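Build out the structure end to end from the sequences listed, making use of the hints.
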Amino acid sequence: MSIQETRIVLKNIGKIDPYRIEDYINAGGYEGLKKALQMKPVDIIDELMDAGLRGRGGAGFSTGMKQKFTSESCQRCPQRYVVVNADEGEPGTFKDRVIMEQDPHLYLEGTIIAARAIQATKGYIYIRGEYHESIKATQKAIEDAYAAGFLGKDILGSGFDFDVEIKLGAGSYLCGEELTMLESLEGKRGNPRIKPPFPAEKGVFGMPTLVNNVETLANAPLIILHGKDWYRKYGTERSPGTKVFTISGQVNAPGHYEVPFGVSLQQLIDLAGGIRDGKRFKAALLGGAAGTFVDASMLDERMTYDNLREKGATLGSGAVIVMAEGDPVYDILHNCLRFFRHESCGKCVPCRVGTTQLVLQADKLKEGGGDKEALLKQMVRESEIMAGTSLCPLGQSPILPLESAARYFSKELCTTQH
Amino acid sequence: MSIKEIIKQFEPEQHNLLHILHALQDANPANYITGEALEETARHLGITKSSVYGVARYYTMFSLEPRGKYIIRVCASPVCELLRANEIIALLEEELKVKTGETTADGMFTLELSECLGQCQEAPSMMINDKVYNSLDRGRIREVLKSYRG
Amino acid sequence: MKQITITIDNQKINATEGANLLQVAKDHDIAIPHLCYHKKLSPTGACRLCIVKIEGQRGMVASCAVHVSDGMKVTAFDEELEEARKYLLDYLLSEHNEEYDGTYHDEFRELIYKYGLNNKENRRFPSIWKELGYPADETSPVLAYDAAKCIRCFRCIKGCDEVQGKNVLSFTNRGILSYIIGGFDKWGESECDGCGECIQLCPTGAIVEKPHRESINIENGIKKVRSTCPYCGVGCQLELWVQDGKVVRSNGVEGVSPNDGRLCVKGRFGYDYVSHPDRLTTPLIKKDGKFAEASWDEALDLVARKFGEIKEKYGRKSLAGYASAKTTNEDNYLFMKLVRLVFGNNNVDYCTRLCHASTVTAMLRSLGDGAGSNSIEDYETSDCMLVTGNNMIETHPVTATFVKYAAQRHDAKIIIIDPKWTPLVKDAHIWLQPRLGSDVALLNGMIRVIVKEDLIDREFIEKRVEDGMEAYEALKALVEKYTPEYTEEITGVPAELMQEAARIYAKAERPLIATGMGYSQQVTGTHNVFCLINMMLITGQIGREGAGLNPPRGQNNVQGVSDVGASPFTYPGYISVEDEENRRKVAKVWGVDPDELDGEKGLSTVEIMQAAYDGGIRGMYIMGENPMLTDPNLNHTEEAIKKLEFLVVQDIFHTETTPYADVILPATAFAESEGTYVNSDRRVLRVRKAVDPPGESRQDWEIVAEIARRMGKPLGNYRHESDIWDEIAKTAPIFAGISYDRLEQHGIQWPCPDKGHPGTATLFEERFNTPNGLGKLHPVDYAEQSERASEEYPLILNTGRILYQYHSSTMSRRNKALTDFANDAYVLVHPTDASKFGIADRQKVKIISRRGEIENISVNVSEEVLPGELFMPFHYSEAPVNRLTRDELDPYSKIAPFKLSAVRIEA
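From first to last, the protein sequence lines stand for chains A, B and C.
Anchor point for the first sequence: position 34 equals 38 in this note's numbering, and the numbering is continuous, going up by one each time.
Anchor point for the second sequence: position 145 equals 248 in this note's numbering, and the numbering is continuous, going up by one each time.
Anchor point for the third sequence: position 488 equals 523 in this note's numbering, and the numbering is continuous, going up by one each time.
Keep in mind the hints are simulated off the structure, nothing from the lab.
Taking beta-carbon pairs under 10 Å as the criterion, some of the chain A residues facing chain B (in silico): (1) G93; (2) E134; (3) K140; (4) L172; (5) L189; (6) F209; (7) A323; (8) D335; (9) L337; (10) C340.
Given the structure is predicted, the values throughout are model-derived calculations rather than measurements.
Backbone N, C-alpha and C fix where the C-beta goes; we use that ideal spot for every residue, glycine too.
Now the structure itself:
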């Protein structure tokens, strides 16, 4: 059954001029904020929690819960922060870029609402350094929001103060990991911190900090404005709302597509115009490099956090990289492994050395000779050890593409003629 | 602006370090951060030299060696690889007569690889300094390079 | 702290709630493998070897990052954990150069053997370190780093940052290509000051000392001897490594106060002087203007005869002695005993007169004790530290680590009062930069702020200050004229800064004052400290842990030498020489007639020299001091020394003073001596013999005792230094409870009145040590300095110390490690003065005062000094700055004003 897009978060995309705040306001923008400023902070949090909003960065943790922890921790701390994770770097993912470039006020409004919810007076938007258009559009949005009284002192006469500024990344995937991002924000190398403490207790500059993804925050104004019941009309019970998927690779119309949670992979591919050149579907890499390969047997699975997890796959950032018959899984797996080696910060042993050794072993898979099934099995075992012992999500990631590729494409990976 | 003037625009707080390094690099026609600039940065922020150097060496967008006027960053993501970015890289190497990581003899271009540029809707992609170029093929690359060479 | 129970591998363990799980396991001898964790450092979680499983938690967690909670069930060892650990070690091995040269303790190598990975067949991963091209950095004068030996555990980085407060190290690159750097990947050009904390913390020998590396083999009979550092007065506990009769390494002793493993560059690398070929090895007698080697009998007989003759001819007041802040309590006690008993007078003093005499005088008069009131560790938990005239990062580097910790880790506020920039300014909240000699006005200004804003502690004043509020009113009346404007006019310090400083100090919960030479070495030295004490007393900021007044002592045993009575004014334990009852008591211990002991105060250091000049003193015995470099107004000192009929100098090297001696006696260095020192926080610390002395040199006390015996007055029958100590404990009530057996593991802080007493960490908790138990205010007015800038001498010269040199540098300059860092004299000149007087950076100049001149001094144009002021270190004999200083003394303490001389500069 083919489906249509359900545009909630992306409703303004292509319809307004992102550089004109009037356009955004005319489209109903900042109404959520106005409403939020009338609410008690705790009610904002409850609303988001009851709406079932889950973090769109990949982990799918309850946004309301995260805000609750942050607002309740360390009451004697003089400062609380909101940090917007706009360091979109997961391969195959560009949903945040679309929002930032084409509707920056939406997530900025969500940021101000989140700040109000946890009573933060200062926010940082951490944008990856390569995203020049996103930086430009966001900068303009911030300036206009200040001018319109949505930022700064005594916002809209509510007595609430909130300042926000952009912080730039400079080329590090790992800085998209929330604790590492805090280090980078402070002007340091992107080495992850050990947790606990979580950012909610001890975040940037040692203060309680809420770290939320762009897409997550873009949902907040709509939930506040229309209410949790409206929101729960979309998606599933445990994954309410919509998700922006970015579909790329061998499809006819690659791009961003917003659909309710629960559609199937086949439906998504159809939405993106089907496989190129009339070829047959071979595989998809779901969630980017830190994601999982699936084969055709998964085409009808519902795309929710929980269902995919149960089936040994991930939804992650919403990236869907589609491969058609004839495309080499080995090359894409190798690409992912090289990526991890390149992005490993070097702090912990299993990730630092393990990512390097995996690439060397992947080379051997190709070179021929030896018992390749055993080698592949050994690689999966190593990735398990890495997942079990690494300090941060990066070292815990190689197992995702590696184990799933081995599960579905072991035979292909172990034949010599790549 | 002089190095000192660039740095002085920022409050002397370590959290401004990445911004300062970006500003210093962007202001340098050879697209890199000089030793003198690192030294001044450390002094301005009141932090040790290694704190500055370690950061400059961690983030891939920064360079401590001279580069070309234009940095070409070809996306090396799985998506672009799937859509034959390797051919794009080979083509650029051929056109520019450099290997990846090198700078052209005339100092115009440095060819680099980048992690996913987030342009997967029109892969394969590359950036030249701030500008993104998508749906690359032989013709498009020649056209783009020509526009820079003037 | 709540006590809880956890289980590790079914073993029940009691622990404190929230404690670090890995440390709890270690404390109970459960050897969970680990490499990056160290007790002193925040957990890093890099090596991952300390993984465990905790019931109710998913997967494996690093135990170094777990806080224990009640009922926690931990699995530390099972097949899966051990397999994972083996993988981790295997990973590390593949990027590691495993060559081992036996010069260090290799924690990683031990684990490799433990897990059988020394057998290459058990390894899973190919070795890749060679292809990775890891560099080595040999650019530091004192250490070398090899990235191929490094396991990237962060211990060095964290030690440098969290323990030493320097943060000199970082990583470069990332992933498997990352490695440790100092500076811009050149250690030698970084801010590294060579303390070597990183070396001591490195688990794999990736960072190693350069000196003596080739001569160390730990599998070949290394002797390790615990002792106390011979440099400044922090009293760092050292572990000396001895191989083939030579000290080859010095480590800090972990887990022991005052330094908890920390050292500075001098403590770690400054021991080479001990085995230096310049050491004096035989007695020398001057014959026809030249020194000739002599036997001990010859030399000692000559000394005894000459001293005897002088005493006979000119009377018992004609002899004097300089004791030594470098030698042990036992050495100094006997020296003092010799002067009092054999010379028959009280003319014994030492360099304290040139150092903290004014501080001690003010403290004795106001508080009843002259020593630091708190423990060094208190700095770590202080919330405000007032640092006056004290360049502690250079002069007391290990104390400074605690100070920096408080500022960097829990926002304690450092307030610096110093006319010259010091490195601690970087960590300071406020830096007040008064003109040289204006401190009394500044402090009176601060006191006035406290008075006006009612920040006083009335209850404290009423209960603990003599004459209570009445005394306070007198102080209040005196400071009334020191309005912020007036104070600013005199001192040049902006009024708002001065006011803020006063408020922060008065309001702090745990404020410590650390006062140094900048305050003491002035004509108004005692007044300066009176003002500090006034401010402290009216705010009640003394008499509890974390609050008080502390003069860090400049030399290893300045504190002890006074404590054991080498003073013209006091007997052991600070009892006045005029106290007859005490004299009787001591005479009894000494087994002599009390009348033999002079009841009149003796001459102090500079007074002794003046008396020598005037002919009152004819013979002198100098033990381990070098007045020809360190006394003020050296030209005058030289004339005085030349007038002496007989001079004995006892030392370990030829010094600027030995040429004037008639007899030179070779003594032992710290590593050849047994005994005790007392450090700045009154801690009696053991000094132990690690190596044999060179040639015929003998420990100081043995020489002293021999001279006394040959002068017909044996001092006693001492078989061992502990016998001398026991006698000290009998004469000085503050030491009564201390004996060597109690000092085996750690020092004890005096007063320690009896065997069962644990020692006293904080002074004055209940009462001051004055006769009536009350503190005393001494309101003092600012007076202009008698020495002022003039047309002829337009600049004011300040003098002081630097990190890499020590005192007259006889010791420090005989260590290549230290001279590689700094070995040249200089004068700091403010840029405006440089242009005013037409002087360029690095130019050689002549500096002239009313008393003398020195030349060929290299100029360092710097904003570290105020316009109109200069600074020079006093360590260098080729630039004897004390030819310029004055011997006009502080009337109370007799200290000389090294910090203020009017001079001019000539190109």
